[in-house]
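Visitor: Numbering (this note's numbering), first residue to last: -3 to 162.
Take these hints with a grain of salt, some might be off.
Claimed, not checked - Label-pair restraints from in silico Cβ distances: (1) 94 <-> 25: 15 to 21 angstroms; (2) 68 <-> 95: 17 to 23 angstroms; (3) 13 <-> 68: 34 to 40 angstroms; (4) 137 <-> 94: 30 to 36 angstroms; (5) 116 <-> 63: 27 to 33 angstroms; (6) 117 <-> 22: 14 to 20 angstroms.
Don't read these hints as lab results, they were simulated from the structure.
Predicted model only: the values in this text are computed from it and were never measured.
Glycine is no exception: its CB is placed at the ideal position from the N, C-alpha and C atoms.
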Amino acid sequence: MVPVEVLGVRQQQGAGQEIVVLLLDPAAELVVPIIIGPREASAIAMAQAHLTAPRPMTHDLLRDVLEAVHVGLLRVEIVALDDGIFFAEMVLSTGVRVDARASDAIAVAVRTDSPVMCSAEIIALAGVEIVDPEQQREVAEFRDFLEHVSPEDFGPPEPGEGPGER
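Please model the entire structure based on the sequences and the hints provided.
Guide: Dropping the structure here:
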């Protein structure tokens, strides 16, 4: 497992207007984009911007339940990629591993300041190189964007789960 940085969420330009969460492996200078739904994008963006909803969102509730029963989230692991679907596990302080959609696990990790790890094989398969100065500038601009993003920037939530994950 390789530690990755959650760069944040971004709406891809193009025909699909897909929303992705970007995971950066700084050592390899590779970014792993995972397609997610607007609800999950909003949840991740809100947590990274340190915004809270008037009432707990699902990921806040899960964090609060773990805290109430004195169980910590040690880390999130992106463990498999099958037919474009990313699989994650939440590793709890009890040693229990909980199967999760990648976006949900990342949303909880961001809320609990827990590390996110990714299989080196997945990084090799799905990672996109960031080598030229233009791409590095885009990453820097994206980090700046995260400082000023709001959930409304991603439009209204759609029913169902986001594509590309389970």
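Visitor: Quick check: does the Cβ-Cβ distance between residue 68 and residue 95 fall within 17 to 23 angstroms?
Guide: The hinted range 17 to 23 angstroms holds for residue 68 and residue 95, with Cβ atoms some 18 angstroms apart.
Visitor: So does residue 116 sit 27 to 33 angstroms from residue 63, Cβ to Cβ?
Guide: Hint holds: Cβ distance 31 angstroms, inside 27 to 33 angstroms.
Visitor: Assuming the hint says 14 to 20 angstroms, is it satisfied by the Cβ distance from residue 117 to residue 22 or not?
Guide: For residue 22 against residue 117, whose Cβ atoms are near 18 angstroms apart, the range 14 to 20 angstroms holds.
Visitor: Kindly confirm whether 15 to 21 angstroms is satisfied by the beta carbon distance between residue 94 and residue 25.
Guide: About 31 angstroms separates the Cβ atoms of residue 94 and residue 25, which means 15 to 21 angstroms is violated.
Visitor: Take the C-beta atom of residue 13 and the C-beta atom of residue 68, compute their distance, and say whether it sits inside 34 to 40 angstroms.
Guide: Because 37 angstroms falls inside the window, the suggested range holds.
Visitor: Should the hint that residue 137 and residue 94 are 30 to 36 angstroms apart at their CB atoms be regarded as holding?
Guide: For residue 137 and residue 94 the Cβ distance comes to about 35 angstroms; the hint holds.
In the structure shown, a violation is registered for the earlier hint numbered 1 alone.
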